[in-house]
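Asker: Position chain B relative to chain A; hints supplied.
Spelled out, the chains give:
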Amino acid sequence: MMLKLIGSSLIILSSLLIGYSKTLKLREQLRIINLFINFFSFAKADILTTRLTLYEILNSFKLKGFSTHASILEYYYKHIGMTFSEVKNVYQLDENIHQLILNLFDSIGYSSISEIDRILDEGIRELREYYEVHREKCNKNSKMFTLLGFFCGVSICILLL
Amino acid sequence: MGNKEYIFEDLIITKDLLNSAIRMLTNNSLFSYEREILQGYFTVEGGHRIGVAGKFTSDGKRIISLNYITGLNIRVAKAIEGIGLKVIKYILNPSKSIYNTIIVSPPGCGKTTLLRDIVRILSGGEIDLSFGGFRVVVIDERSEISVSSKEQSKLGVRTFVLDGVDKLNGVFMAIRSLNPEIIAMDEIGSPQDYLAVAEASKMGVKIIATMHGENLAELQKRTYSKRILEQKVFEKVIFLSSRYGPGTIEEIITLGDN
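First to last, the sequence lines map onto chains A and B.
Using the working numbering, the letters of the first sequence correspond one by one to residues 509 to 669.
Using the working numbering, the letters of the second sequence correspond one by one to residues 383 to 640.
Any given hint could turn out to be false.
[Unchecked claim] Using 30 Å as the maximum straight-line C-alpha spacing, the simulated DSS-like pairs for lysine-lysine come out as follows:
1. A:K645 to A:K530
2. A:K648 to A:K533
3. B:K443 to A:K552
4. B:K397 to A:K586
5. B:K437 to A:K552
6. B:K397 to A:K552
7. B:K614 to B:K603
Simulated from the structure, these hints should not be mistaken for laboratory data.
The following block holds chain A by itself, in its conformation from the complex (with noise of 0.2 Å):
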């Protein structure tokens, strides 16, 4: 009996750890667009005030704390001028949002400070409403991934029993 508890206790555990995995991929990309937001705010500011490049806007901004997801900016930073089929989605972003991206780093680096202004706004415009989207999504999904983990759990469990 003891073992019986003990195995659908770890079948209720890993369903829920699961779905719990689920959660922090939206999660994940949460933080992603979020630091793009950032990541834009902060060079529309940095452009129309100084005229520093984008890499020393970048390097700026990672010693402003935001170090941690370095990498991803560095990544679409490398790929400015390319088309959007030669780079590949490496950090799983919705398409529309790797595009949007692709597309707003390629326009800094190839427009006047002027066009600059009014593309960022509209990018960061578009970044925070997917961000909002993808939000709700994530509040939605992560009670929905918890209730069938552990739902999906305690029917295996039925079932072995």
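Answerer: The following block gives chain B in isolation, referenced to the frame of chain A:
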């Protein structure tokens, strides 16, 4: 290099090639060179100047945009240590100071290279010529004389660099706060630049500058350079050519003697 010319006939310069060259040269940040590009050139790290040819749009008073690029001219900057020693004795005056000096030559004859080395020598001092060094302020409007902190240290221990500052503002900034004995500036050409030279000369500092031209007669044909010569701001003129390679010293004139 030098006077040699190579033509790569098989190389086809496409729009994409030019665009990717621009991307690389501007470090994917065209905006940070926008102001310079609208003047027809920009300077990249190392002091290398990139001339831009293409379709510009003007609002009647000034150039407001560059529509497309059709060509790039890359001038590689060089620091040649020791080149200034050839002329330094002519610049120094007996009263432990220097003569206001202008280096004149057509483009590509080594004016900036010579100026850079003269600054280094004047700042560091030269035992053989028994002077201990001057406080020099370099007004480096186009970031060509010194562009990085590493390069700045090569300009001598007593040198301050005002990078990216226009000459007129630079003169006032230097005099107010950097206590210069000598102000060095590259390529004076606009009326504002001449005003900067004239103002600096009235404030007790010595000036070394460069200017485009071939000979004294040519300088006297141009309104502002003629005016500055008539005001007797400059005491020495060094003429360079590329007859025996860039940096060939053609003539050193003491104004007032002629």
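Asker: Let me make sure I understand: some of the numbered hints might not hold for this structure. Which ones are they, in numerical order?
Answerer: none
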